[in-house]
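Visitor: Hey, can you work out the whole structure from these sequences and the hints?
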Amino acid sequence: MWVNCDALGIALSLVTWLLLVITDFIVVRFVLFAWFTSSRPRFRWVPFTDLGLFLMALYQLLLMLSLVSHVRAVTTDPGTISLSSAPDGFSNARHCKLCQGRWKPPRAHHCKTCRRCIFRMDHHCPWINNCVGLSNQKLFILFLVYTCSSAVFTLLLLAAGVFYWLWSQSSWSDAPPPGSASLICCGLVAVECFAAVLFVSDFLQEQVESIQMNSTLVETYQRTHGQRASFTEHFMAIFGPSWWTWPFPFPSAPEPDYTEPAIADEEVWSQESTDDHNSLGIAGEESEEMMETVQEPGARPRQRHTRDGNQTD
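Heads up: the sequence shown at position 44 corresponds to 45 in the working numbering, and the numbers run straight through without jumps.
Please keep in mind that the hints were generated in silico from the structure rather than gathered at the bench.
Quick reminder that beta carbons are idealized off the backbone N, C-alpha and C, glycines included.
Mixed in with the good hints, there may be bad ones.
Derived Cβ-Cβ restraints for the label pairs, each shown as a range [said to hold, decoys possible]:
hint, residue 1, residue 2, range
1, S181, A161, 13 to 23 Å
2, L189, D266, 36 to 46 Å
3, F164, V22, 23 to 33 Å
4, V22, F195, 13 to 23 Å
5, K113, A12, 49 to 59 Å
6, K113, T50, 51 to 61 Å
7, E267, R30, 51 to 61 Å
Guide: Laid out in structure tokens, this is it:
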């Protein structure tokens, strides 16, 4: 099993699991049990109405898929290069000094946290304590999708609980106020979920852009990309050709093509884009060693904003 022994990454992974568990407990305790408890449930071991049972099952499914996707993204090799030397006839082969001179394919980059070259490395994400590469990018995207979906669903359940409480009161002036514990816990969860939607949706937008352009985050700053085709072909290169495997959190990408070239962008560089590269310690076609000083950005150069994290050597 693949696990990085990085203290920050392990701590953030545990925080992610803890937030999911706490959110689940609060929603079930103060929303589902409060509004959907039935004295004559369909199943004795789940004392909910039929609607409450459906909402409970759907909510637990989303949280489970989010958690499993996260665990699989953490424990899946993101794309370690399996070949020590370039295939016969491969011209202009590069070699990584930090990997004892092993072959570095054109679309591979060395991660200083994972301490190895990763094929189609997008970035090192401390929230999954792992790199995002070709082999686990699907798992990372599913984690983002299911986390955002469960956060939105949580906000809808909280809002529905508030509206149901207001509707059930015969007189608002005489209505007993909700308990302090309920208000505090639900308020904290609402803030957490709202922040998660904003945070995760930004990551998800970047991943969609990455698929559309067939360019990883590192390649975006290096102004390179893979061979361009349709969005569907790019998507299947990450999720696999079988549509029924796409929603499930297990790797399904086809075998990597290490010989795939890194193609330079044809767009003309403006002075502004050159200034962005200088501020990041990257300049044109300089060697990848300049990436050691770069912090993981939260968005691509086109979006003009950054976030903290790790990057490549």
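Visitor: Run every hint past the structure and note whether it holds.
Guide: Hints, verified against the model:
| no. | hint | result |
| --- | --- | --- |
| 1 | S181 x A161: 13 to 23 Å | holds (21 Å) |
| 2 | L189 x D266: 36 to 46 Å | holds (45 Å) |
| 3 | F164 x V22: 23 to 33 Å | holds (27 Å) |
| 4 | V22 x F195: 13 to 23 Å | holds (19 Å) |
| 5 | K113 x A12: 49 to 59 Å | violated (19 Å) |
| 6 | K113 x T50: 51 to 61 Å | holds (54 Å) |
| 7 | E267 x R30: 51 to 61 Å | holds (57 Å) |
Checked against the numbered hints given earlier, this structure breaks only hint 5.
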